[in-house]
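Novice: Sequence:
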Amino acid sequence: MERRQFLRNTALTAGAFAFLGNRSFASIVADPAYQVIPLRNNVGIFIEQGGTIAWMVNKEGIVVVDAQFPNTAPHLIAEMQKKSDKPFQWLINTHHHGDHTSGNIAFKGVAKNVAAHANSLINQKAAAVKQKKEDQQLYPDTTFTDKWKVKVGDEIVSGHYFGAGHTNGDAFIHFEHANIVHAGDLVFNKMHPYIDRSAGASCKHWPQALEAATKHFDKNTQYVFGHAFEPLKVTGTVEDVKQMQDYMEKLVAFVESSIKAGKTKDEILAAKAIPGVSLWQGDGIQRSLTAAYEELAV
-5 MERRQFLRNT
5 ALTAGAFAFL
15 GNRSFASIVA
25 DPAYQVIPLR
35 NNVGIFIEQG
45 GTIAWMVNKE
55 GIVVVDAQFP
65 NTAPHLIAEM
75 QKKSDKPFQW
85 LINTHHHGDH
95 TSGNIAFKGV
105 AKNVAAHANS
115 LINQKAAAVK
125 QKKEDQQLYP
135 DTTFTDKWKV
145 KVGDEIVSGH
155 YFGAGHTNGD
165 AFIHFEHANI
175 VHAGDLVFNK
185 MHPYIDRSAG
195 ASCKHWPQAL
205 EAATKHFDKN
215 TQYVFGHAFE
225 PLKVTGTVED
235 VKQMQDYMEK
245 LVAFVESSIK
255 AGKTKDEILA
265 AKAIPGVSLW
275 QGDGIQRSLT
285 AAYEELAV
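According to my numbering, the sequence shown is numbered sequentially starting from -5.
It is worth saying that the hints were derived from the structure and are not from the lab. Check before you lean on any hint, since a few could be wrong.
Here are the simulated lysine-lysine pairs, PhoX-like style, with alpha carbons at most 25 Å apart [as the list claims (entries may be wrong)]:
no., residue 1, residue 2
1, Lys254, Lys266
2, Lys213, Lys244
3, Lys145, Lys209
4, Lys77, Lys106
5, Lys106, Lys80
6, Lys106, Lys127
7, Lys209, Lys266
8, Lys244, Lys266
9, Lys80, Lys145
10, Lys124, Lys145
11, Lys213, Lys266
12, Lys143, Lys209
13, Lys53, Lys77
14, Lys209, Lys236
15, Lys244, Lys257
16, Lys227, Lys209
17, Lys53, Lys102
18, Lys53, Lys106
19, Lys145, Lys198
20, Lys102, Lys143
21, Lys266, Lys236
22, Lys141, Lys254
23, Lys141, Lys209
24, Lys80, Lys119
Derived CB-CB ranges, DEER-like [to be verified]:
no., residue 1, residue 2, range
25, Asp140, Asp260, 33 to 43 Å
26, Pro81, Glu224, 51 to 61 Å
27, Leu263, Lys124, 18 to 28 Å
28, Ser251, Ser272, 16 to 26 Å
29, Ile31, Lys143, 24 to 34 Å
30, Gly276, Gly103, 34 to 44 Å
31, Glu224, Pro32, 12 to 22 Å
32, Glu170, Ala264, 40 to 50 Å
The beta carbon of each residue, even a glycine, is placed where N, CA and C say it ideally should be.
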């Protein structure tokens, strides 16, 4: 399924973010249309459309993780400028998808630097060429492979790559002193994920990446998720990350065993549930089953 169709379908799912359209789900239940929510240690989140944004404000400047869309990023910028007259030191992308990076363009001339995993930059450029939107991009000027770290005032912000998952360029972004990690789309909290095989996603390695993260970060880490079935549940704990890991492990096990049992692709895609998975809700199971089948049926 094309990502555009996935986003359209997800927007229609009860309780899910309205990824597309003129107003977000939040605007239906609250005024204003977007929400700026402090978490701890001058770090918080911004919710409107698309992937959740994380932000940090201190005496040296502002750091933003992900940028949503060109029409929503200015709302975040304006809210940060209300909090501080310091510069935007860094814009960091968790990965390349448009609901996380198409808002980058709003930071042109605003953010001093843009960072992402090296594969995220490659994927962003490829997607822009394919969509003929090269003139609408602000690309990362700083990339990393496994690890990256920068100090901004009294906070250390680090990037960690544990291998392919949702794409081959997803990074965890850690505000170390606040102990808050933006997991990007490596966690769709209780919501069937989009698995972008065209950008190097791996159903088999995804749970390994999540396990590596839970071992690297500690039990008190607060996580920010790219998306959630219930819009305001885009923050959580290590238990939510482990549940996403369990989802991916059970998805792979189910499809792998079904293939070995001689089931056809159509028979596998007809499944209404993944055995052992009870917390995931809404539409989209066929996305997961299709991606897993395409990866495993080789």
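Novice: Does each hint hold? Answer for all of them.
Specialist: Checked hints:
no.	hint	result
1	Lys254 <-> Lys266	19 Å, holds
2	Lys213 <-> Lys244	23 Å, holds
3	Lys145 <-> Lys209	23 Å, holds
4	Lys77 <-> Lys106	18 Å, holds
5	Lys106 <-> Lys80	11 Å, holds
6	Lys106 <-> Lys127	22 Å, holds
7	Lys209 <-> Lys266	32 Å, violated
8	Lys244 <-> Lys266	14 Å, holds
9	Lys80 <-> Lys145	15 Å, holds
10	Lys124 <-> Lys145	36 Å, violated
11	Lys213 <-> Lys266	33 Å, violated
12	Lys143 <-> Lys209	19 Å, holds
13	Lys53 <-> Lys77	11 Å, holds
14	Lys209 <-> Lys236	11 Å, holds
15	Lys244 <-> Lys257	17 Å, holds
16	Lys227 <-> Lys209	23 Å, holds
17	Lys53 <-> Lys102	22 Å, holds
18	Lys53 <-> Lys106	16 Å, holds
19	Lys145 <-> Lys198	34 Å, violated
20	Lys102 <-> Lys143	22 Å, holds
21	Lys266 <-> Lys236	22 Å, holds
22	Lys141 <-> Lys254	38 Å, violated
23	Lys141 <-> Lys209	15 Å, holds
24	Lys80 <-> Lys119	30 Å, violated
25	Asp140 <-> Asp260: 33 to 43 Å	40 Å, holds
26	Pro81 <-> Glu224: 51 to 61 Å	35 Å, violated
27	Leu263 <-> Lys124: 18 to 28 Å	26 Å, holds
28	Ser251 <-> Ser272: 16 to 26 Å	19 Å, holds
29	Ile31 <-> Lys143: 24 to 34 Å	26 Å, holds
30	Gly276 <-> Gly103: 34 to 44 Å	39 Å, holds
31	Glu224 <-> Pro32: 12 to 22 Å	20 Å, holds
32	Glu170 <-> Ala264: 40 to 50 Å	46 Å, holds
Comparing the model with each earlier hint shows violations of hints 7, 10, 11, 19, 22, 24, 26; every other hint is respected.
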